[in-house]
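Please work from the sequences and hints to get the whole structure.
Top line first, the protein sequences correspond to chains A and B.
Anchor point for the first sequence: position 39 equals 39 in the UniProt record's numbering, and the numbering is continuous, going up by one each time.
Anchor point for the second sequence: position 66 equals 66 in the UniProt record's numbering, and the numbering is continuous, going up by one each time.
These are calculated hints, taken from the structure and not from any lab test.
Fair warning: there could be bad hints in the mix.
Ranges between beta-carbon positions, derived for each pair [as the list claims (entries may be wrong)]:
id	chain 1	residue 1	chain 2	residue 2	range
1	A	Val197	B	Pro76	18 to 28 Å
2	B	Leu104	A	Ala8	29 to 39 Å
3	B	Asp191	A	Asp109	39 to 49 Å
4	A	Gly189	B	Ser2	51 to 61 Å
5	B	Pro76	A	Gly189	33 to 43 Å
It should be emphasised that the depicted structure is a prediction, and the values quoted were computed from it without experimental measurement.
Even glycine gets a Cβ: it sits at the ideal position worked out from N, Cα and C.
Number of protein chains: 2
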Amino acid sequence: MSLALDAAAQDLLFREAQTANTFTDEPVTDEQVQAIYDLVKFGPTAFNQSSLRITLVRSQEARERLVQHAMGANGPKTLSAPLTAILSVDLDFHEHLPRLFPALPDIKDTFFAEAAAREVAGTQNATLQAGYFIVGIRAAGLAAGPMTGFDFTGVDKEFFGDGKQKSFLVINIGKPGADAFFPRSPRLGFDEAVTSV
Amino acid sequence: MSLALDAAAQDLLFREAQTANTFTDEPVTDEQVQAIYDLVKFGPTAFNQSSLRITLVRSQEARERLVQHAMGANGPKTLSAPLTAILSVDLDFHEHLPRLFPALPDIKDTFFAEAAAREVAGTQNATLQAGYFIVGIRAAGLAAGPMTGFDFTGVDKEFFGDGKQKSFLVINIGKPGADAFFPRSPRLGFDEAVTSV
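Structural data, given as structure tokens:
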């Protein structure tokens, strides 16, 4: 069974792509990040809520503030990456809904009036968008190194002091360096992950 | 700024792909789903935990049980799709970790010993995998119709009575039918979603 997506694209995005643990010094430009964003922004979210926010950690000072909240090897790894992105949920994403989802102009004040409901939906949809963003990094010919080993409460205090954004993932981005990849780990077989009823 | 991914693949996966609301009768085979799975299983998760489970709703009886828990238009939409998948988190994903992440053979009994920690990490990573799966459906030349408008507690009781799986997304899958697409909604601009520090 062959896919509609060509084999080179399959390799680029999934089959040969791997999480990178080291990077070269080659910079990742804002233009590259914009090209990634302008592709993956089209990935679907519920009511087009588009709750993901991306904070590019560019200055040395910001990088040092970020790695204070890293666990274990994630600190040195992050210091060595040409670009690091903090992915967060905009807990006030509903403010944009009248523009983003004009078909239902009142959901900002109905479905999403409550902060708790926004946090649940916003986190789920920002996480879907994080999946698209990782695919987009690879689409740009770059490697991603996504990390959850951070004290995200600390990251939020450090970068999002107004309490309106909640970080959930940090991604190193760049060209893979020396010994960038661990051996590919096994995946679950189709029959282990997929069942029919 | 151009991406490494060719333009046809960009269109197939993101630029021209849209959430489908109607479908043709053309069946979606297990072989197609396996081809999708065998591509997107390589998408990264923390410690390769691979917590996503996919339940293909194939029988008429199962389809009717599912739509009882659908909200609004999601019921009729789901009845009209050639294939519907329930996406869930395996709350016992840690049982597979000694095989999936042999580099750290003890994390099954350390990091992931507590059910609450598994639920948080498992949900986040299964949601990332849901993003890859939506991209994979499009890679197969099919359209996805992801829906969160279900009573997932009811879906869990109906399909996962043992409490070991927690559903979070339902996706209709097939070839788009007549009037399948709403007009593309606007997306946030780069400067609205991405900031530099």
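Structure-based check of each hint:
| no. | hint | verdict |
| --- | --- | --- |
| 1 | Val197/A - Pro76/B: 18 to 28 Å | 20 Å, holds |
| 2 | Leu104/B - Ala8/A: 29 to 39 Å | 33 Å, holds |
| 3 | Asp191/B - Asp109/A: 39 to 49 Å | 26 Å, violated |
| 4 | Gly189/A - Ser2/B: 51 to 61 Å | 37 Å, violated |
| 5 | Pro76/B - Gly189/A: 33 to 43 Å | 35 Å, holds |
Of the numbered hints listed earlier, those contradicted by the structure are 3, 4.
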